[in-house]
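**Student:** Using the hints provided, position chains E, W and F with the ligands relative to the given structure of chain C.
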Amino acid sequence: MKKLINEVDDVVLESLDGFVAANHRTHQKVNGVNGVIRKAENNKKVSIVLGGGSGHEPVFLGLVGEGMADGAALGSVFASPDPQTILEVIKSAYTDEGTLCLVINYAGDTMNFGMASELAGYEDLKVETALVTDDVASAPKGQEDERRGVAGLLFITKVTGAAAEKGYSLAEVKQIAEKANRLTRTMGIALTPCSLPGSKPNFTIGEDEYEFGMGIHGEPGIKTKKLKAADEIVTEIIEGLVDDLVLQGGDEVAVLVNSTGATTILELNIVFRQVANLLKKQNIHIYDTNIGSFCTSLEMAGVSISIMKLDNELKSLYNEPAYTPYFYRKGNA
Amino acid sequence: MKKLINEVDDVVLESLDGFVAANHRTHQKVNGVNGVIRKAENNKKVSIVLGGGSGHEPVFLGLVGEGMADGAALGSVFASPDPQTILEVIKSAYTDEGTLCLVINYAGDTMNFGMASELAGYEDLKVETALVTDDVASAPKGQEDERRGVAGLLFITKVTGAAAEKGYSLAEVKQIAEKANRLTRTMGIALTPCSLPGSKPNFTIGEDEYEFGMGIHGEPGIKTKKLKAADEIVTEIIEGLVDDLVLQGGDEVAVLVNSTGATTILELNIVFRQVANLLKKQNIHIYDTNIGSFCTSLEMAGVSISIMKLDNELKSLYNEPAYTPYFYRKGNA
Amino acid sequence: MEQLTVQETQAMLIFVADNLIEAKEMLCEIDGKIGDGDHGFGIARGFNAVKETLNSNTYATVNNVFKDIGMSMLRSMGGASGVIFSSMFLGAGTLPDLAKLNTESLTSILREGLKKVKAQGKAKMGDKTMVDAYEPAVIALEQSQDSTLETALKSAVLAAEDGVRKTKEYPAKHGRAKFLYDRSIGIEDAGATTVSLIFKAMYNYLSTKNS
Amino acid sequence: MEQLTVQETQAMLIFVADNLIEAKEMLCEIDGKIGDGDHGFGIARGFNAVKETLNSNTYATVNNVFKDIGMSMLRSMGGASGVIFSSMFLGAGTLPDLAKLNTESLTSILREGLKKVKAQGKAKMGDKTMVDAYEPAVIALEQSQDSTLETALKSAVLAAEDGVRKTKEYPAKHGRAKFLYDRSIGIEDAGATTVSLIFKAMYNYLSTKNS
Ligand SMILES: Nc1ncnc2c1ncn2[C@@H]1O[C@H](COP(=O)(O)OP(=O)(O)O)[C@@H](O)[C@H]1O
Ligand SMILES: Nc1ncnc2c1ncn2[C@@H]1O[C@H](COP(=O)(O)OP(=O)(O)O)[C@@H](O)[C@H]1O
Ligand SMILES: [Mg+2]
Ligand SMILES: [Mg+2]
Ligand SMILES: [Mg+2]
Ligand SMILES: [Mg+2]
Numbered sequence: 001m002k003k004l005i006n007e008v009d010d011v012v013l014e015s016l017d018g019f020v021a022a023n024h025r026t027h028q029k030v031n032g033v034n035g036v037i038r039k040a041e042n043n044k045k046v047s048i049v050l051g052g053g054s055g056h057e058p059v060f061l062g063l064v065g066e067g068m069a070d071g072a073a074l075g076s077v078f079a080s081p082d083p084q085t086i087l088e089v090i091k092s093a094y095t096d097e098g099t100l101c102l103v104i105n106y107a108g109d110t111m112n113f114g115m116a117s118e119l120a121g122y123e124d125l126k127v128e129t130a131l132v133t134d135d136v137a138s139a140p141k142g143q144e145d146e147r148r149g150v151a152g153l154l155f156i157t158k159v160t161g162a163a164a165e166k167g168y169s170l171a172e173v174k175q176i177a178e179k180a181n182r183l184t185r186t187m188g189i190a191l192t193p194c195s196l197p198g199s200k201p202n203f204t205i206g207e208d209e210y211e212f213g214m215g216i217h218g219e220p221g222i223k224t225k226k227l228k229a230a231d232e233i234v235t236e237i238i239e240g241l242v243d244d245l246v247l248q249g250g251d252e253v254a255v256l257v258n259s260t261g262a263t264t265i266l267e268l269n270i271v272f273r274q275v276a277n278l279l280k281k282q283n284i285h286i287y288d289t290n291i292g293s294f295c296t297s298l299e300m301a302g303v304s305i306s307i308m309k310l311d312n313e314l315k316s317l318y319n320e321p322a323y324t325p326y327f328y329r330k331g332n333a
Numbered sequence: 001m002k003k004l005i006n007e008v009d010d011v012v013l014e015s016l017d018g019f020v021a022a023n024h025r026t027h028q029k030v031n032g033v034n035g036v037i038r039k040a041e042n043n044k045k046v047s048i049v050l051g052g053g054s055g056h057e058p059v060f061l062g063l064v065g066e067g068m069a070d071g072a073a074l075g076s077v078f079a080s081p082d083p084q085t086i087l088e089v090i091k092s093a094y095t096d097e098g099t100l101c102l103v104i105n106y107a108g109d110t111m112n113f114g115m116a117s118e119l120a121g122y123e124d125l126k127v128e129t130a131l132v133t134d135d136v137a138s139a140p141k142g143q144e145d146e147r148r149g150v151a152g153l154l155f156i157t158k159v160t161g162a163a164a165e166k167g168y169s170l171a172e173v174k175q176i177a178e179k180a181n182r183l184t185r186t187m188g189i190a191l192t193p194c195s196l197p198g199s200k201p202n203f204t205i206g207e208d209e210y211e212f213g214m215g216i217h218g219e220p221g222i223k224t225k226k227l228k229a230a231d232e233i234v235t236e237i238i239e240g241l242v243d244d245l246v247l248q249g250g251d252e253v254a255v256l257v258n259s260t261g262a263t264t265i266l267e268l269n270i271v272f273r274q275v276a277n278l279l280k281k282q283n284i285h286i287y288d289t290n291i292g293s294f295c296t297s298l299e300m301a302g303v304s305i306s307i308m309k310l311d312n313e314l315k316s317l318y319n320e321p322a323y324t325p326y327f328y329r330k331g332n333a
Numbered sequence: 001m002e003q004l005t006v007q008e009t010q011a012m013l014i015f016v017a018d019n020l021i022e023a024k025e026m027l028c029e030i031d032g033k034i035g036d037g038d039h040g041f042g043i044a045r046g047f048n049a050v051k052e053t054l055n056s057n058t059y060a061t062v063n064n065v066f067k068d069i070g071m072s073m074l075r076s077m078g079g080a081s082g083v084i085f086s087s088m089f090l091g092a093g094t095l096p097d098l099a100k101l102n103t104e105s106l107t108s109i110l111r112e113g114l115k116k117v118k119a120q121g122k123a124k125m126g127d128k129t130m131v132d133a134y135e136p137a138v139i140a141l142e143q144s145q146d147s148t149l150e151t152a153l154k155s156a157v158l159a160a161e162d163g164v165r166k167t168k169e170y171p172a173k174h175g176r177a178k179f180l181y182d183r184s185i186g187i188e189d190a191g192a193t194t195v196s197l198i199f200k201a202m203y204n205y206l207s208t209k210n211s
Numbered sequence: 001m002e003q004l005t006v007q008e009t010q011a012m013l014i015f016v017a018d019n020l021i022e023a024k025e026m027l028c029e030i031d032g033k034i035g036d037g038d039h040g041f042g043i044a045r046g047f048n049a050v051k052e053t054l055n056s057n058t059y060a061t062v063n064n065v066f067k068d069i070g071m072s073m074l075r076s077m078g079g080a081s082g083v084i085f086s087s088m089f090l091g092a093g094t095l096p097d098l099a100k101l102n103t104e105s106l107t108s109i110l111r112e113g114l115k116k117v118k119a120q121g122k123a124k125m126g127d128k129t130m131v132d133a134y135e136p137a138v139i140a141l142e143q144s145q146d147s148t149l150e151t152a153l154k155s156a157v158l159a160a161e162d163g164v165r166k167t168k169e170y171p172a173k174h175g176r177a178k179f180l181y182d183r184s185i186g187i188e189d190a191g192a193t194t195v196s197l198i199f200k201a202m203y204n205y206l207s208t209k210n211s
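Chains as they are written, first to last, in the UniProt record's numbering: chain C, 1 to 333; chain E, 1 to 333; chain W, 1 to 211; chain F, 1 to 211.
The following block holds chain C by itself, in its conformation from the complex:
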């Protein structure tokens, strides 16, 4: 796959430089490491730090902004950032109220964030971690803690960021993150592989097939299936999500239809049309919808659907304003 890059080894840093240059009014680079933080600092709030491998843009750096995250630590493509990078981002975004790290549950991320927290502890910083484990396909019911974290991070960052902005304590913000994670599920499929800068595609999918249960690193899914109509694929995903989240008539949800890269908004809208039809039939009310590229796997064609079940608390936090380069919410709809 051809890419618009210079040297393979410079991809992440150059991209970060471009991002910071484009958003210099609101964002700044963290000195010496691949990290970014918000400029406008509110020293009276818990800071939210994200981080993970590159190649998922706009996740993670694009979710840094008003009402969302305060900093993001970036690793190489598809590799968690190292502990030092995470620590520097934590320190740059640090406030007296402490820091909550939202970590997607991949081994590399949990280990590196774990070491970073340990290092932060040595410096007497208050740092807590909440894991994101929304990917239904990655472990069976009953083993929710084993699941990967994927696009649901958007919702979890949204409500957690709002809680921080409203002045919740570190423990309270962490509770919100954990509740939001408990109430969020995602399932994804892929139509094409992706390729790391400088590499060949890391797997193949037959011309009439799709992968069910993809993670966000182009790692093969759990099943290869014959391609069928969008509506049928969506039905399969929605059944899985509704079942796993035990959604019932009268429940209220936020929905994210996410492109993993090359899949177009034209298609995402078709996908959402069926999501809306199916949920309506079950009398599940869609409070808000986001459609676009939020958590990508480089240029992989595919889609993931995330559902967050809203209780009153999450709904009011969801409604708070948020302004980041790639996600906004004007506040009470």
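Simulated from the structure, these hints should not be mistaken for laboratory data.
Don't take each hint at face value.
As the list claims (entries may be wrong) - Pairs of lysine-lysine residues, derived as DSBU-like cross-links and limited to a Cα-Cα distance of at most 35 Å, are as follows:
no. : chain 1 : residue 1 : chain 2 : residue 2
1   : E       : LYS91     : C       : LYS330
2   : E       : LYS226    : E       : LYS141
3   : E       : LYS223    : C       : LYS2
4   : E       : LYS91     : C       : LYS200
Computed from a predicted model, the values in this text were never measured in an experiment.
**Tutor:** Just chains E, W and F with the ligands now, with coordinates in the frame of chain C:
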């Protein structure tokens, strides 16, 4: 290219239905045709109507919203909407102040909008048209009126929409659109072809080549070149834009780095990094930057760069707030 | 001289519609080489709408058959070709009522259509558009006023096909392909191909019917 | 019994780094089959940093050489393997100062590293990770305490390579591949391959030097 669709013939309508379902608080479908309008109506302002073929999402429908366009007429994939569709959208979005249609300069679009305006005239509606002709590669200097309209539509819609929102008259709004168009230039390149739903890719690009001067319909560019480093490609594009727009030290511009589909934000940021470097060297000040997928060619990998030169009037209009599903600006930065 | 009733005209044009719908993929492929690859989709969309209309209406005049075809195409197709190809048929609207289709009346309808096409699209002969097939075909019809409709159409088909071949020789001046400059040389124009298929289908209908 | 000075140890590990950097593409390919295809990039990033550090520093103890390698990897690599592979070398930090590298001291360093790896990653033998190559190699070293470093490393290499082969037999329990369940059977683990290459490079350095 595999796609997430149902029947090929239903793609546009189903996608529109999904879009309207997702944005039902702010948007509604136009009865009987493939068009969308804003719900909240300000009957005291000129209405702005966009339109064109599908396959460029979020253009056109995703630019309908507060401070931007009031309606969008959608054709089949890569085909202008028919006159009846355009007319119905004009009528649904119509206010006593009249309507300005922003039309990208492709034969199909100008002919169909032309017939729609004629039909609107029979019904005593005040309808004016402003052409968007920002694509430098599509005709030489001196023949600017022959040029295609591409991603620059975003900027032109932004300032025109702001002028309408501020209560400018139809003639004044049209003047703003024409001025913005005169001061906007775009150049694009493609790395891969795209394919219409149900078709094979409509052309090929060699594994070590890119197309220079692509339009937005996957039609071949004006030159096929050997792929090189992103910085070199960007240099070539920026030189073309600066030259054609006769930019000089001290000028102020807005920049759009646009993915035509599969090209990732990771890459777009690398592209912008070089844009910023080059403009800085020439002392051209970047007032604002947008990086993302705005005007796409289905899943084509590629990038276009647009520059709008800002005078005081355009700058103050640019700064007005805007909220659409795929573009927002909070107002005075 | 052979004449078609309104109903026979309608039947012939349903046959034309079927033929063009079948050419969908071929037309997309031609358009894909120097255009955006959607011409066949547009033509198929248009002629499907045409078929639906013709199958569910009866007409008093030949003019109305042609006009309704034009309106169906205009409403359903979109794109450059929606305006251009509907104009081909809408020309009939400016003529006095015609009860029969014969060489003379078909010639006058298509000559009016050609005027409309040129007024809308501003293309001249040699600009590598459907005009390059359409104008020679109309001229051939005009030069066959003493022939039967079948014979007249035969020379129109030959003229149109010759026009298609010639579109290979020049660069496009209109439509998306014009931005290719000389890169469009060597490839025929999709819309011109469609014109030749329309004439060919009319001719085939008649020759089958007459034999 | 053969011993390496601190400087010789350093030279050997620069040789190891060179060998692993060269394996970049091969390791990416293995990781791509059931992982995300970046293992070679991470390992190359890590050992490039290692080379830079080793080339620009002198050390008083063997421990410090190993510790600095671990720190270089930890700072430069990221990913699961950044923590895991740096731990392999950071174990040296918990040992008393070592002036020479011999079978005994290398064994103790790598045994400590193994403890750290297991503490960080929670993987056991049979989970299809680098532990499946690393643990047998350490055990082989422990069983070769009377042998020269070269001979001890030879049996470690064989044990590691055998471990790599065995990773094909079971599904992954850790890392990205664990989500594949049985689909990961039949394919070896990338990290285990890296471990075997590290041991092999140490052995090759010594056998070349000694011959
Ligand atoms: N200005 C014009 N005048 C006459 N014919 C035209 C003109 N522009 C385009 N065409 C015809 O339309 C054809 C393309 O049709 P189509 O592919 O359906 O539309 P689009 O160009 O909008 O994709 C061309 O091959 C050409 O014959
Ligand atoms: N928990 C773990 N314990 C031991 N080794 C592990 C663990 N998780 C992953 N690994 C090793 O790391 C290798 C993958 O490394 P790499 O591809 O660089 O990281 P990532 O999985 O983050 O892409 C695996 O092949 C495996 O040997
Ligand atoms: Mg990885
Ligand atoms: Mg078209
Ligand atoms: Mg076309
Ligand atoms: Mg990996």
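**Student:** Going through the earlier hints one by one, which of them does the structure break, listed in rising order?
**Tutor:** 4
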